[in-house]
Amino acid sequence: MSSYAMTMAEALRDALRLAMRQDPRVFIIGEDVGIAGGFGGGFTVTLGLSDEFGHERVMDTPISEIAIIGAAVGAALTGMRPVAEMQYGDFVFCGMDQVINQAAKIHYMSDGQFSVPLVLRLPVGASRRGAQHSQCSEAYFMHTPGLKVVSPSNPYDAKGMLLASIWDNNPVIFLEHKLLYGGKGGRKEKTSLDPIMEVPEEAYEIPLGTVAVKRQGKDITILANMLMVHRALEAAEILSQEGIDAEVIDVRCLVPLDLATIEISVQKTTRVLIVEEDNLTGGWGAEVAARLAEKAFYYLDAPITRVAAPDVPVPCAPILESIYVPSVEKVVIAVRELVNG
Amino acid sequence: MKADDRKIPLAIVMDMFRRMVLIRVFEDRLYHLFLQGLVPGTLHQYQGQEAIAVGVCSALREDDFIFSTHRPVGHAIAKGVPLTAIAAEIWGKGTGCARGRGGQMHLVDASIGMPPSNAIVGANIPIAAGAAIGFKLLGLDRIVISFFGDGASNTGAFHEGLNLAAVKNAPVVFVCENNQYAASTHITLTTRIEAIAERAMAYGIPGYSLDGMDILGVYQSVVAAVDRARKGEGPTLLEFKTYRFMGHSRGDPGGYRLKQEVDEWRVRDPILRLRNKLHTDFDQGEQPLLEIEAQAQVEVENAIQFAISSPDPAAEETFSRVFAGEGG
Numbered sequence: 001m002s003s004y005a006m007t008m009a010e011a012l013r014d015a016l017r018l019a020m021r022q023d024p025r026v027f028i029i030g031e032d033v034g035i036a037g038g039f040g041g042g043f044t045v046t047l048g049l050s051d052e053f054g055h056e057r058v059m060d061t062p063i064s065e066i067a068i069i070g071a072a073v074g075a076a077l078t079g080m081r082p083v084a085e086m087q088y089g090d091f092v093f094c095g096m097d098q099v100i101n102q103a104a105k106i107h108y109m110s111d112g113q114f115s116v117p118l119v120l121r122l123p124v125g126a127s128r129r130g131a132q133h134s135q136c137s138e139a140y141f142m143h144t145p146g147l148k149v150v151s152p153s154n155p156y157d158a159k160g161m162l163l164a165s166i167w168d169n170n171p172v173i174f175l176e177h178k179l180l181y182g183g184k185g186g187r188k189e190k191t192s193l194d195p196i197m198e199v200p201e202e203a204y205e206i207p208l209g210t211v212a213v214k215r216q217g218k219d220i221t222i223l224a225n226m227l228m229v230h231r232a233l234e235a236a237e238i239l240s241q242e243g244i245d246a247e248v249i250d251v252r253c254l255v256p257l258d259l260a261t262i263e264i265s266v267q268k269t270t271r272v273l274i275v276e277e278d279n280l281t282g283g284w285g286a287e288v289a290a291r292l293a294e295k296a297f298y299y300l301d302a303p304i305t306r307v308a309a310p311d312v313p314v315p316c317a318p319i320l321e322s323i324y325v326p327s328v329e330k331v332v333i334a335v336r337e338l339v340n341g
Numbered sequence: 001m002k003a004d005d006r007k008i009p010l011a012i013v014m015d016m017f018r019r020m021v022l023i024r025v026f027e028d029r030l031y032h033l034f035l036q037g038l039v040p041g042t043l044h045q046y047q048g049q050e051a052i053a054v055g056v057c058s059a060l061r062e063d064d065f066i067f068s069t070h071r072p073v074g075h076a077i078a079k080g081v082p083l084t085a086i087a088a089e090i091w092g093k094g095t096g097c098a099r100g101r102g103g104q105m106h107l108v109d110a111s112i113g114m115p116p117s118n119a120i121v122g123a124n125i126p127i128a129a130g131a132a133i134g135f136k137l138l139g140l141d142r143i144v145i146s147f148f149g150d151g152a153s154n155t156g157a158f159h160e161g162l163n164l165a166a167v168k169n170a171p172v173v174f175v176c177e178n179n180q181y182a183a184s185t186h187i188t189l190t191t192r193i194e195a196i197a198e199r200a201m202a203y204g205i206p207g208y209s210l211d212g213m214d215i216l217g218v219y220q221s222v223v224a225a226v227d228r229a230r231k232g233e234g235p236t237l238l239e240f241k242t243y244r245f246m247g248h249s250r251g252d253p254g255g256y257r258l259k260q261e262v263d264e265w266r267v268r269d270p271i272l273r274l275r276n277k278l279h280t281d282f283d284q285g286e287q288p289l290l291e292i293e294a295q296a297q298v299e300v301e302n303a304i305q306f307a308i309s310s311p312d313p314a315a316e317e318t319f320s321r322v323f324a325g326e327g328g
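The listed protein sequences correspond, in order, to chains A and B. Going by the working numbering, the first sequence opens with residue 1, and the numbers climb by one from there. Going by the working numbering, the second sequence opens with residue 1, and the numbers climb by one from there.
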């Protein structure tokens with residue numbers, strides 16, 4: 001099978017295209033997702049798909065987040081497999097009742113008579129847009145029983161996990177970091193990382209509920225997701241010059257959480273640093289830290305530590321934003337303290 | 001839009017009467033058991049509004065969906081959820097329609113097209129729009145009903161849901177049961193317009209404000225709106241003016257309403273009205289109606305006995321079916 005160099009936006013689009021070709025029940029719903037001459041959604045992910053699949057299956061909506069998510073819930077109840085998009089992840093809060101009270105609870109409340117196989121795509125992360133276009137919101141969803149939460153860091157995982165999410169019979173909150181989408185047209189982000197990878201042409205699934213060990217190491221386990229995986233890997237390279245051998249695990253799926261793999265790593269390294277772009281209090285790192293404290297306490301030689309954004313809204317000025325988002329340097333300093341004591 | 005009521009087949013009208021009576025007898029019995037402290041959870045009662053649930057559901061196919069509210073008992077009975085399963089759900093038993101996970105406000109039965117009723121006011125409106133879009137995309141001619149109250153018409157979900165359904169020509173009928181009170185707050189304190197149906201104009205869809213105490217009128221209007229939806233001509237907003245004879249929920253004595261107002265509406269009781277019509281317009285004697293009423297008493301007692309004597313859900317039920325199983 002052949003593969004192509006793809007950005008994350010291209011890989012996500014490829015996943016949508018393959019799923020829609022395979023199954024007429026898959027459709028896209030969101031703002032500006034299919035308009036001819038338009039944007040292809042907030043970040044070009046759906047660009048061109050309405051040419052192939054038409055405007056019924058790449059359904060543009062009014063600016064109505066309650067209705068977008070609510071309609072996705074309703075369509076899912078009929079057996080459709082909607083993929084709904086929030087133009088920016090922050091907008092999900094306008095429709096939060098539909099996520100928390102509806103999508104997440106219907107299967108349980110109905111004693112399993114109804115399921116809600118929808119994917120809700122959320123572009124997240126600070127990208128010089130200020131407090132209402134920047135938030136990493138995974139903790140809200142991780143807290144809610146009935147939702148799966150996915151947060152990939154690269155094009156290969158993005159494609160395989162989006163396909164797995166589409167075929168999953170549950171509501172899946174699918175976070176996409178804006179600085180990882182990759183340049184495309186006029187929408188390239190100034191501070192973006194734009195990972196490009198060889199991605200197989202065919203459909204493949206990466207099972208939800210898995211993490212990925214991105215770098216083997218013996219001195220410390222660094223847990224990160226999305227953009228922070230890249231910062232952690234960069235930090236690990238710097239630290240290796242100093243003789244510190246860090247293991248980096250990409251927590252690409254938060255629910256279900258593969259704690260077993262993380263535990264094995266922690267047994268080996270005896271130290272844990274969690275790196276998250278979400279702000280500190282009640283973030284996903286807090287939950288992972290608590291579980292590790294319960295499960296792996298006796299393996300630990302140092303306190304479980306977090307490098308996270310501070311508990312403030314996301315500021316806009318480049319200098320302030322760069323202070324807000326955890327940097328490679330902060331990761332390096334935190335690791336040194338943990339390993340060297 | 002109203003045709004001659006007498007052209008509705010007698011069998012349909014008698015079945016309407018039967019279902020309305022069943023709702024009334026069941027709800028009244030629940031109320032008395034509640035006052036005795038024998039109902040474990042909450043109650044939101046439907047007495048007075050029976051013509052709407054039954055009139056609407058009589059115009060539907062079994063595979064059409066209804067989306068209901070925190071006051072779902074009437075809708076569930078009208079759509080065909082077994083009374084035993086409803087009663088057992090209210091009693092929190094393992095034989096309930098959601099095996100005790102839902103409770104009074106979350107009645108469900110996939111086999112007759114009833115997703116779990118929704119206790120967030122207004123929230124079912126965009127969901128109903130989406131289900132209608134789903135049926136349309138699947139190429140099916142199934143349609144969707146969204147039941148909600150006057151209170152829901154002031155939520156953002158109402159606006160977003162109706163507008164999306166309108167612009168997508170979704171096969172859904174929005175049924176506003178205007179009982180004039182959002183919990184204790186009278187509609188004149190929340191809404192400046194006379195009829196909620198006027199809001200349809202803002203979405204470019206038809207809207208009608210009708211008498212919710214006249215079941216045959218309800219039925220005829222829903223038949224027309226359902227027909228329109230099934231033909232792909234889009235949504236309709238039907239407002240039915242009605243009254244709930246009881247309080248908003250358990251233990252609400254209704255101190256915000258005048259006795260005179262309640263009495264005036266009780267005179268318009270939709271069941272008495274249909275009963276009289278069966279005599280005058282459908283040539284029915286007293287005997288078949290008395291039989292239906294007696295049968296309802298028996299059915300209700302049996303359902304309540306079934307509920308009370310049913311086993312509790314197994315403890316492990318607390319933890320299961322949070323997530324659906326994998327696979328297509």
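These aren't lab readings, by the way, just hints derived from the structure by calculation. Check the hints yourself; a few may be wrong.
Quick list of simulated restraints, FRET-style, between CB atoms [unchecked claim]:
#	chain 1	residue 1	chain 2	residue 2	range
1	A	P256	B	G94	26 to 36 angstroms
2	B	G325	A	G243	47 to 57 angstroms
3	B	A195	A	D194	54 to 64 angstroms
4	A	D245	B	G94	46 to 56 angstroms
Partial chain A-side listing against chain B, Cβ under 7 angstroms, derived [claimed, not checked]:
#	residue
5	N101
6	P145
7	N169
Covered stretches of chain B (chain A as the covering partner; in silico rule of three or more C-beta atoms under 8 angstroms from a C-beta of chain A) [stated by the list, open to error]:
#	segment
8	21-34
9	114-122
10	125-135
11	163-174
Here a beta-carbon is modelled for each residue, glycine too, at the ideal position from N, C-alpha and C.
Right, here's what the structure says about each hint:
For the pair P256 (chain A) and G94 (chain B), the beta carbons lie near 28 angstroms from each other, so the given range of 26 to 36 angstroms is met. Taking the beta carbon of each, G325 (chain B) and G243 (chain A) are about 48 angstroms apart, inside 47 to 57 angstroms as hinted. Taking 54 to 64 angstroms as the suggested C-beta distance range, the pair A195 (chain B) and D194 (chain A) conforms, at roughly 56 angstroms. For D245 (chain A) and G94 (chain B), the hinted distance range of 46 to 56 angstroms is satisfied, since their beta carbons lie about 55 angstroms from each other.
A hinted interface residue such as N101 (chain A) counts as satisfied when its beta carbon comes closer than 7 angstroms to some beta carbon of chain B; here the least separation is about 5 angstroms, so the hint holds. The interface hint given for P145 (chain A) holds, since its Cβ lies 5 angstroms from the closest Cβ of chain B, which is under the 7 angstroms cut-off. Interface hint status for N169 (chain A): upheld, as the beta-carbon distance to the closest one in chain B is roughly 4 angstroms, under 7 angstroms. Counting residues of the segment 21-34 of chain B whose beta-carbon sits less than 8 angstroms from any beta-carbon of chain A gives 0, not enough to reach three: the coverage restraint is violated.
Remark: the segment 114-122 of chain B is confirmed as covered by chain A, as 4 of its residues place a Cβ nearer than 8 angstroms to a Cβ of that chain, reaching the required three. Interface restraint, the segment 125-135 of chain B with chain A: holds (11 residues with C-beta to C-beta distance below 8 angstroms; minimum three). A count of 4 residues in the segment 163-174 of chain B with a Cβ less than 8 angstroms from any Cβ of chain A is obtained; the coverage claim is therefore met, three being the minimum.
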